[in-house]
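Peer 1: Take a look at the letters that make up each chain.
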Amino acid sequence: GAVVSQHPSWVICKSGTSVKIECRSLDFQATTMFWYRQFPKQSLMLMATSNEGSKATYEQGVEKDKFLINHASLTLSTLTVTSAHPEDSSFYICSALTRLAVTDTQYFGPGTRLTVL
Amino acid sequence: AQSVTQPDIHITVSEGASLELRCNYSYGATPYLFWYVQSPGQGLQLLLKYFSGDTLVQGIKGFEAEFKRSQSSFNLRKPSVHWSDAAEYFCAGNRDDKIIFGKGTRLHILP
Numbered sequence: 024g025a026v027v028s029q030h031p032s033w034v035i036c037k038s039g040t041s042v043k044i045e046c047r048s049l050d051f052q053a054t055t056m057f058w059y060r061q062f063p064k065q066s067l068m069l070m071a072t073s074n075e076g077s078k079a080t081y082e083q084g085v086e087k088d089k090f091l092i093n094h095a096s097l098t099l100s101t102l103t104v105t106s107a108h109p110e111d112s113s114f115y116i117c118s119a120l121t122r123l124a125v126t127d128t129q130y131f132g133p134g135t136r137l138t139v140l
Numbered sequence: 004a005q006s007v008t009q010p011d012i013h014i015t016v017s018e019g020a021s022l023e024l025r026c027n028y029s030y031g032a033t034p035y036l037f038w039y040v041q042s043p044g045q046g047l048q049l050l051l052k053y054f055s056g057d058t059l060v061q062g063i064k065g066f067e068a069e070f071k072r073s074q075s076s077f078n079l080r081k082p083s084v085h086w087s088d089a090a091e092y093f094c095a096g097n098r099d100d101k102i103i104f105g106k107g108t109r110l111h112i113l114p
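Chains as they are written, first to last, in my numbering: chain A, 24 to 140; chain B, 4 to 114.
Some hints here could point you the wrong way.
30 angstroms max Cα-Cα, derived DSSO-like pairs, lysine-lysine [unchecked claim]:
(1) B:Lys106 <-> A:Lys87
(2) A:Lys87 <-> A:Lys37
(3) A:Lys89 <-> B:Lys106
(4) B:Lys64 <-> A:Lys78
(5) B:Lys71 <-> A:Lys78
(6) A:Lys43 <-> A:Lys78
(7) B:Lys71 <-> A:Lys64
(8) A:Lys78 <-> B:Lys101
(9) A:Lys64 <-> A:Lys37
(10) A:Lys43 <-> B:Lys106
(11) A:Lys89 <-> A:Lys37
(12) A:Lys43 <-> B:Lys101
(13) B:Lys106 <-> A:Lys64
Okay, the calculated bits of chain A under chain B, using three or more residues with CB under 8 angstroms as the criterion [claimed, not checked]:
(14) 86 to 100
(15) 131 to 138
Read the hints as simulated data drawn from the structure, not as lab findings.
Here a beta-carbon is modelled for each residue, glycine too, at the ideal position from N, C-alpha and C.
Same shape as in the complex, but just chain A (with noise of 0.2 angstroms):
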């Protein structure tokens, strides 16, 4: 199946500093990567929407200036957490839809784990 990585899996950052994550899809290429965020023991929340060459849409609630994305090309999209403060330690997990099948799926990178200190 479609492969999507994420990088870093974990980094632990000072607060008041900028973390950039990166999430490709290595074999296929996708028009639109989702972002999402998870806290210890519930469930994902959909952060934004991201399309390849337009600028992300963001749910309701979500600092755009906040949680950065770029979606410069087919297989890379990039969330940056700007000046991150403890609260925003989190799971970043990314999704890729991929237009392979009639019926369009999202796959799921592994996940970032931010911890800021």
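With chain A held as given, fit chain B onto it using these hints.
Peer 2: Below, chain B without anything else, positioned relative to chain A:
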């Protein structure tokens, strides 16, 4: 509003016993429905999906799910669980490319 509900936060079953995890959805029209499994420290793995057609869907690892429109349900089943099935299970619905996840059910397996 669109939603996916998993009423059970935790489920405990003995190894070898049968399993059913419940999922209900609320959408204006029938969404695409999915079951995912997430093991500790792992990403989401798709177990199965329903788009249309046969209401009994077979998935990987011996799982199956049945779509029941009259009950707005999409319950996940397995006839005999293995210790390796212990994980978090998420039901999800998808309309217009946006996936909405249920809160998840943590499955515990007794030896």
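Peer 1: Against each hint, give a clear statement of whether it holds in the structure.
Peer 2: Hint check results:
no.: 1; hint: B:Lys106 <-> A:Lys87; verdict: 25 angstroms, holds
no.: 2; hint: A:Lys87 <-> A:Lys37; verdict: 21 angstroms, holds
no.: 3; hint: A:Lys89 <-> B:Lys106; verdict: 25 angstroms, holds
no.: 4; hint: B:Lys64 <-> A:Lys78; verdict: 39 angstroms, violated
no.: 5; hint: B:Lys71 <-> A:Lys78; verdict: 38 angstroms, violated
no.: 6; hint: A:Lys43 <-> A:Lys78; verdict: 17 angstroms, holds
no.: 7; hint: B:Lys71 <-> A:Lys64; verdict: 28 angstroms, holds
no.: 8; hint: A:Lys78 <-> B:Lys101; verdict: 17 angstroms, holds
no.: 9; hint: A:Lys64 <-> A:Lys37; verdict: 24 angstroms, holds
no.: 10; hint: A:Lys43 <-> B:Lys106; verdict: 27 angstroms, holds
no.: 11; hint: A:Lys89 <-> A:Lys37; verdict: 16 angstroms, holds
no.: 12; hint: A:Lys43 <-> B:Lys101; verdict: 24 angstroms, holds
no.: 13; hint: B:Lys106 <-> A:Lys64; verdict: 9 angstroms, holds
no.: 14; hint: 86 to 100; verdict: violated (count 0)
no.: 15; hint: 131 to 138; verdict: holds (count 4)
The structure does not agree with the numbered hints 4, 5 and 14 stated previously, though it agrees with the rest.
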